[in-house]
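Just so you know, the protein sequences line up as chains H and A, in that order. Using my numbering, the first residue of the first sequence is number 1, and each one after it goes up by one. Using my numbering, the first residue of the second sequence is number 332, and each one after it goes up by one.
These are computed hints drawn from the structure, not numbers from a lab. Just so we're clear, the structure is a prediction, and the values are computed from it rather than from any experiment. Hints may be right or wrong, so weigh each one.
Quick list of in silico lysine to any residue cross-link-like pairs, SDA-like style, CA-CA up to 25 Å [stated by the list, open to error]:
#1 Lys553(A) to Gln268(H)
#2 Lys132(H) to Leu362(A)
#3 Lys132(H) to Glu531(A)
#4 Lys553(A) to Arg114(H)
#5 Lys101(H) to Pro557(A)
#6 Lys630(A) to Lys101(H)
#7 Lys553(A) to Glu94(H)
#8 Lys471(A) to Asp16(H)
#9 Lys471(A) to Asp53(H)
#10 Lys553(A) to Ser102(H)
#11 Lys553(A) to Arg106(H)
Computed list of chain H residues with no C-beta within reach of chain A, every gap over 12 Å [said to hold, decoys possible]:
#12 Asp56
#13 Arg65
#14 Ala149
#15 Asp195
#16 Ser229
All C-beta atoms, glycine included, are put in the ideal place defined by N, C-alpha and C.
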Amino acid sequence: MAEVVLSGISKRFGEDVALDDVSMTVPDGSFVVLLGPTGAGKTTTLRMVSGLDVPDRGTISIDGRDMTGLTPAQRDVAMVFQQYSLYPHLTVRENLEFPLKSPVLRTPQDLIDRKVGEVAEILQISHKLGNKATELSGGEMQRVSIGRALVRNPLVYLMDEPLSSLDAKLRADLRVELKNIQSHSGATLLYVTHDQIEAMTMATHVGVLDHGRLVQFGTPRQIYEDPVSIYAASRLGLPRINVLPADLFGHAPDRAAYIGLRPEHISQGEGQESQVTRVEHLGDQTRLHLKFQNHDLITVTDAHTPLVSGDVVRIQPKKPLFFDADGARLG
Amino acid sequence: MSFSVTDPSRGTKWFAGVMVVAYAIITILPLVWIIATGFKSPADAIAYPPKVVFEPSLEGYVNLFTTRTRVTEDDFAALPPPATWYEKVVRDQGMVIAGPSRYGERFLNSVIIGFGSTVLCMILGTAAAYAFSRFRVPLKDDLLFFILSTRMMPPIAVAIPIFLMFRQIGLNDTHLGMILLYTAVNLSLSVWLLKGFIDEIPVEYEEAALIDGYTRFQAFYKVVLPQAATGIASTAIFCLIFAWNEYAFAVLLTSGTAQTAPPFIPTIIGVGGKDWPAVAAGATIFLVPVMVFTILLRKHLLRGITFGAVRK
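Given these sequences and hints, build the entire structure.
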């Protein structure tokens, strides 16, 4: 329930630049997903906001208050770690109670019991409350770890790949549940993931990080439709955007080196000939792998397409994105 | 964590079993000997071949805790009959009780000094080990090496300077002096052992606690300490055993008020002939606290390290 403002955050670990002049405003009540490959600075960004690490330069403010010099406890943030970090000497219940019993909150016991009960219900771990934290499966540990954040009502939730070790069904359930919790409570949530489905379905805003720099910040739709670079464009969309030489289909703008085509931005039936190399039926849609002038590309087509490998399809670009030689988007 | 080995053959199991039993006998035999000797009469204690079956006697224990004196035969005959069982034991030797011995207070000194230095050593050692494990300490490696280097010679090698220093600052023959000395000797061991144990505890636990609203000290107290309990317990046993059994410094630096049991026990032998049962009784009682302490902490020694709640 607070706005988080990062301004000019830089951080080095020895020679490695973890964050390079990152500025970002996380609006009050938003669900911000940080995307990027390992080492892009996503986790470091969370640790800066949490106060576990201190930036070399730049300031962070939460709810209008400058956080410089404040301990994690003073910042009123909750965090879900990628390594679940459950307290191994405590039971599941004690783990969930731990933040509520902190000297900062000192919650009365009846409220603790209610909160823990509610959260355990949502996360489907009610039957495990009496277990030792070490006696759980990986997925259960992950849920307890999420629960330990959800029992609180902090200014900001920070989550570092909280769903990464869950099976597909539970992940889908919790994705909806987390989004529900966030939109009902109006909590501000900063969320790190590799999973673009999580990003697309949950995020109100996405921040794309590349080697410690924030390259784009916007709604998932903006990043998808209007990426600033090939790198940002590649973060979202499955199958990935097809990146091909700019003049492959003729008529490229000046300075364009690459053309980027989302799979759905290749229209079939007219244009130039290409050869089908593989057909993948996914049920609701079909992916076509095409060979076009010695370049591989992937597009989607009708679920009940009669096309088979070896057929010839005519294709032409629709809404193409053009990028210069460095990968930056053109006009 | 699981591992498998090929199931050992019958022969191997037999061999292992025999070795374990043999080793157990070798280590337990002296203990059994000492305990048995404490309950023998002086004659049985020096009998050759040694008596395995003997008539138990509490003479050794009575002699350990009393000083005795001889009186003239007339006076002895004129005495009223012994009022207590231990007076009777002494009378049977043809003597009367002159008063209590000093074993009790020496034993108490050992308890105060042994446990005092162990507690101090654990407090300082855990704090130092935590700092070395978690914080960026300037010259960390050099400091750790320097701490270890205090163990590179036998501690007794510095006995004379320590004796002179203690005399100068009035720590000679004081409980505080001995506690500080044993703490100083044990601290290097405890810092190194405990640092190893604390290094094993993932730092994420503390980070989680910091975010959950606890200060660093509270996180240390509520999260790190419970998990370091195993290491602290085993380190404490090592420290206690050293401080408890230490002889050389105790002989040199204590004589009266702060004398511990180890230098006192040999002196028992000089009182009226070679009183081996009394010496053995003194040694037996001396064994008890360390055994109790070790048995109480055994759970921690055997429990091992907690695995699993952090994904590696």
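For the pair we were handed, lysine 553(A) and serine 102(H), check the Cα-Cα distance against 25 Å.
Satisfied, since the Cα-Cα distance of roughly 11 Å is no more than 25 Å.
Does proline 557(A) sit within 25 Å of lysine 101(H), going by the straight-line distance between their CA atoms?
17 Å, holds
Given the hint that lysine 553(A) pairs with glutamate 94(H), does the C-alpha gap stay at or below 25 Å?
Given that 25 Å is the threshold and the Cα spacing comes to 12 Å, the pair holds.
Chain A versus aspartate 56(H) - minimum CB to CB distance exceeding 12 Å, so not interface:
Consistent with the label, aspartate 56(H) stays out of reach of chain A, its closest Cβ about 15 Å off (over 12 Å).
For alanine 149(H), is the shortest beta carbon distance to chain A beyond 12 Å?
Since the minimum Cβ distance to chain A is about 9 Å, alanine 149(H) lies within 12 Å and the statement is violated.
Just to be careful, I want the Cα atoms of lysine 471(A) and aspartate 16(H) compared with a cutoff of 25 Å; is the pair within it?
It holds: about 23 Å lies between the C-alpha atoms, which stays within 25 Å.
Are all beta-carbon distances from arginine 65(H) to chain A longer than 12 Å?
Non-interface label on arginine 65(H) holds, nearest chain A Cβ at 17 Å vs cutoff 12 Å.
Straight-line alpha-carbon gap lysine 553(A) to arginine 106(H), limit 25 Å:
Holds, because 15 Å separates the two Cα atoms, which is no more than 25 Å.
Mind checking the alpha carbons of lysine 471(A) and aspartate 53(H) for me, to see if they're no more than 25 Å apart?
Roughly 21 Å separates the two Cα atoms, so the pair holds.
Please confirm whether aspartate 195(H) is truly not at the interface, meaning its C-beta sits more than 12 Å away from all C-beta atoms of chain A.
For aspartate 195(H), whose nearest Cβ neighbour in chain A is about 17 Å away, the distance exceeds 12 Å, so it holds.
Satisfaction of hint between arginine 114(H) and lysine 553(A), Cα-Cα up to 25 Å:
Answer holds: lysine 553(A) to arginine 114(H) is near 24 Å, not above 25 Å.
25 Å Cα cutoff - pair lysine 132(H), glutamate 531(A)
20 Å, holds
Comparing the model with each numbered hint stated earlier shows that hints 1, 2, 6, 14 do not hold.
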